[in-house]
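Peer 1: Next come the chains, spelled out residue by residue.
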Amino acid sequence: MIEEDARGLHIVPDSTKRRSAFSRLLDQGWFMAIASPIILLLLWEALVRGGLLDPRFFPAPSSVIQSLLAMASGRELWVHAGYTVSRMLVGFVLGAIPGVLLGIVMGLSAPIRAFLQPAIASIYPIPKIALFPLVMLIFGLGEPSKWVIVAVAVFFQVLMSTLAGVVNIDRIYLDVAADFRASRWQAYRTIALPAALPYIFTGFQLGLGMSLIVVVIAENFGTEYGLGYVIWHSWQIFEVRDMYVSLILVALLGYLSQLGLARLERVLIPWRRPAKQAAS
Amino acid sequence: MLVRTRPSSEPNDAAVMDVVPVTSKISVQGLSKQFRDGKMSVTALDTCNLEVQAGEFICVVGPSGCGKTTLLRILAGLESPTEGSVNIQRSGAAHPLTSMIFQETSIFPWLNVRANVGYGLMLRGVPRAEIDPVVDKFLALMGLDRFEHAYPYQLSGGMKQRVSVARAFANDPEVLLMDEPFAALDEQTKVVLQEELLRIWAQSRKTVIFITHSIDEALVLSDRVLVMSGRPGHLKADLPVRFARPRAVYDLKGDPEYGRLSREIWHMLRDGVVKP
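Protein chains in written order, with our numbering: chain A, 1 to 280; chain B, 1 to 276.
Chain B extracted, bound-state conformation (with noise of 0.2 angstroms):
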């Protein structure tokens, strides 16, 4: 059963602290996740526990196939959980819950740059008059502001990512949910992009859970690194990264702190990835 704590009728916060006196933001108990494929079973996730704390940027790392997305999607409710519980705090009735970044392309070709950025909002059924200030800090933000009225096909692969980050963050969730958004960018477009996702974080300071399987987004990114094992996915080691913000994504892996964390993870991955 996915439990998500629903939104309380009481107008103060204090009251709503009273009925649930559980302080992690997000609270993930023996979850697990088989897949059924005909009479085969398939073990995707394998009972995690997972605290994270209000305003938290958490990184899970892991090679591929070990059940990082499977988790976001349970996350996101996109999933159920064969076993587990996950319980999201909320802040107030105003917020969705959680908003989800896609690693592919999943900006829609029919709405221009402004229609995407706003279609939370607009399913959510915000008046125009809203809207329209929301999206014009996040593309300007984001940089975007020039491509109002472009379609998707006119942007490129990283101006799509841009655009689809702006409308996560314009939803105004609690917790911001990303599957490895700049998977496919060439590496100078993923370094700027990270620099404007930390500056944007920044602002908002969202909880963030952000999967990848790039050991440098991890430790350039978060507070906190989650180490995923292979198959059957399950939580193998929690590293906290203590650099300091605001941080500038290259000068961050001179740090000698930077190539023992590395190497660290990087040890505990391939011990996951040889395994017979």
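Pulled out of the complex, with its shape left as it was, chain A reads as follows (with noise of 0.2 angstroms):
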């Protein structure tokens, strides 16, 4: 709605003045992201009390928090939940180092990518948790299979996220590097490297969401131990407050690992222009 003034300019009206405190709390971003899951969770809550849900598939929100509160006192979810956390970090960093080392190689090299493209591409589409009988095969039961398999998961996605920037790189600054003689190691450090880190990082982002699904299923076999662990035991002796318990801190091993790393993303690319706030 626009209006002119005498002098004939439109005036903007200014309509944070008239409108109500509520719906200026309506604008706010943050008012907005937490009412959805809070609604949802007490539409939840009053469908239990009202008997059209059934407590034993579907506990009420303000039971399954008592669960949690009681159990985050003790000592136990703290083990598995270190257990599930020390999993997905050792097989990230077996995982992630090789994979953007060979992303940077098969980069910047024609013939070693030729050589090797088929043997990944053939192994990419297969389901890494599919691998896992087979790494338990080799490795055992014990922890290196799950460490293992994990890596396998973070190696492929941060591989081709690697290959791809390295592969992207402007040609401008390998000329560059060319015109100051610099050698093939100069070149992989103070080109291919910082060139392909936004990348590397979006690898990271995907192969960390990848280890967490992977560890979660890994623990069913051969472990008495990890968040994944007492989420199928729960279902096996039918524990069911237990299994939400594991899986709001699963969710917040995921939402806290991206936190995480989006924040050394920070540190690590200072270069980058500043992204445009999506909520602005």
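Warning: the hint list may mix true and false statements.
As the list claims (entries may be wrong) - Selected chain B positions facing chain A (Cβ under 10 angstroms, derived; list incomplete):
no., residue
1, Gly77
2, Ser80
3, Pro96
4, Thr98
5, Trp110
6, Tyr119
7, Met122
8, Arg124
9, Val126
10, Pro152
11, Arg167
12, Ala168
Unchecked claim - Across the chosen pairs, the derived CB separations fall in these ranges:
no., chain 1, residue 1, chain 2, residue 2, range
13, B, Val192, A, Arg184, 34 to 40 angstroms
14, A, Trp30, B, Ser156, 33 to 39 angstroms
15, B, Lys137, A, Asn168, 31 to 37 angstroms
16, A, Ser86, B, Tyr153, 35 to 41 angstroms
17, A, Ile217, B, Tyr153, 40 to 46 angstroms
Everything labelled a hint here was simulated from the structure, so no lab data went into it.
All values derive from a computational prediction rather than experimental measurement.
All C-beta atoms in this analysis are idealised placements derived from N, C-alpha and C, irrespective of residue type, glycine included.
Taking the hints as your guide, dock the two standalone chains into a single complex.
Peer 2: Have a look at this one:
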């Protein structure tokens, strides 16, 4: 709605003064963001209490929170969470480092790329968890098999992203390196690695998401520890509230690890033009 | 074969001169370049001959696609010639042979201004304590001192090319090769940067080969203009430019000699472009 004043100038009405406090609250991104889960939980609670949802499958959020608080004050839940985190971390490091290195080498060397591409392209589409029985045959039921399956999942994500990053380096930067007589190693370190770093981080994000999926499923086998184990075990003994508590922790773990990675990215890639906030 | 004189192991320069009695800084003989594209073969350069003296500022003008950039890339060692030879005289082992300033933005987005300018020195393993004063000097000369910690995304196009110029000068090569470094800039920025280039060059008196499609730019900067014809590119004329230095870019344009040279070059270029 645009008005004109006496001089014929357009005046944009100052809407904030007329509108209510509530409608201004609706404009706040954070308010709308927390509103949807709260409404959902309230609805869920009401449906359970009203007898419309079966509490054996969908225990009321209030009772899940009670379980969460009770378990969080004990030691056991944190031991489980600790196992899951350490499996993710060890597997992530084991997969990400060779993924980055091989991605850079393949990206810069066409012969090596041509040699390895078919093997990688044929293994890449296999759901990595389908390799877990094979991994357990080779590495046994203990921790190593879990590290390895997480590493395999992370490796492919990071490799593919790094490769894409290096292949897409602007030719001009490699020309500059050649003009300054950079050695092959100097070109890797000063051009390929920093130029591909934003892509590598995308690979890290995808790999980390994948590692959480893989570890939770893998913890069904050969262990009595880990959040994944709790989920599977509580299914077997029909202890649904423990399952929900573990699911909440797995979600939190996924969220926090992505948040940590985003922080790390801001430290390691300071040359990136700050992204415009999607909310503003 | 690209012939580049080896850095002599002899410590004194007189001995080097005895071994290589060639007086030109750069000597290009019978240089040709063909690019193969499937079964088609395109001749980009056709038997170019060129002698450049030490400390000369040479501009090469020609229509786009005439092989100017190819000539420069061969001089830089980024392409190898199909036929002919390039010989660049070394004054000592301490300097790299050539450094190039590219047309498009070529400074590294992941390095700040200071690290970009010091890049060549860093690659050669020059100690930090020696890099810093050199970088400081060229940051100051190009008016970049206040921006030393800025990243390229924070700079305008003109500032980026200043960094590019500073990076090449800081590398302290025998010969500077410039491939239309100011072509993408607006007119005012271009004139300012041309004057700054002349000022920074006057301090070092490096040998420069500067590629441009602009007759004005060639006349303002150079001691000698080489005119290139269209495809296949060869050197068509060699005109001395004798304006006194230091030059003020805009004052020069009022000189009658300027108009005469400008017209002469234009007619040569037009013949190359209009040719059916």
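Peer 1: Please go over all the hints and tell whether each is borne out by the structure.
Peer 2: Verification of the hints:
1. Gly77: holds, 8 angstroms
2. Ser80: violated, 12 angstroms
3. Pro96: Constraint on B:Pro96 satisfied, holds at 7 angstroms.
4. Thr98: Where the cut-off is 10 angstroms and the nearest Cβ of chain A is about 7 angstroms from B:Thr98, the hint holds.
5. Trp110: With a closest approach of 4 angstroms, the B:Trp110 hint holds.
6. Tyr119: Holds: closest Cβ of chain A sits about 7 angstroms from B:Tyr119, inside 10 angstroms.
7. Met122: holds, 8 angstroms
8. Arg124: Status holds, d = 8 angstroms.
9. Val126: violated, 12 angstroms
10. Pro152: B:Pro152 check passes; min Cβ-Cβ to chain A is 7 angstroms, inside 10 angstroms.
11. Arg167: For B:Arg167, the interface hint holds, since the closest Cβ of chain A sits about 9 angstroms away, which is under 10 angstroms.
12. Ala168: holds, 9 angstroms
13. B:Val192 - A:Arg184: 34 to 40 angstroms: Given about 39 angstroms between the Cβ atoms, the range holds.
14. A:Trp30 - B:Ser156: 33 to 39 angstroms: Because 36 angstroms falls inside the window, the suggested range holds.
15. B:Lys137 - A:Asn168: 31 to 37 angstroms: About 36 angstroms separates the Cβ atoms of B:Lys137 and A:Asn168, which means 31 to 37 angstroms holds.
16. A:Ser86 - B:Tyr153: 35 to 41 angstroms: holds, 38 angstroms
17. A:Ile217 - B:Tyr153: 40 to 46 angstroms: Hint holds: Cβ distance 42 angstroms, inside 40 to 46 angstroms.
In summary, the structure is inconsistent with hints 2 and 9 from the numbered list given earlier, while agreeing with the others.
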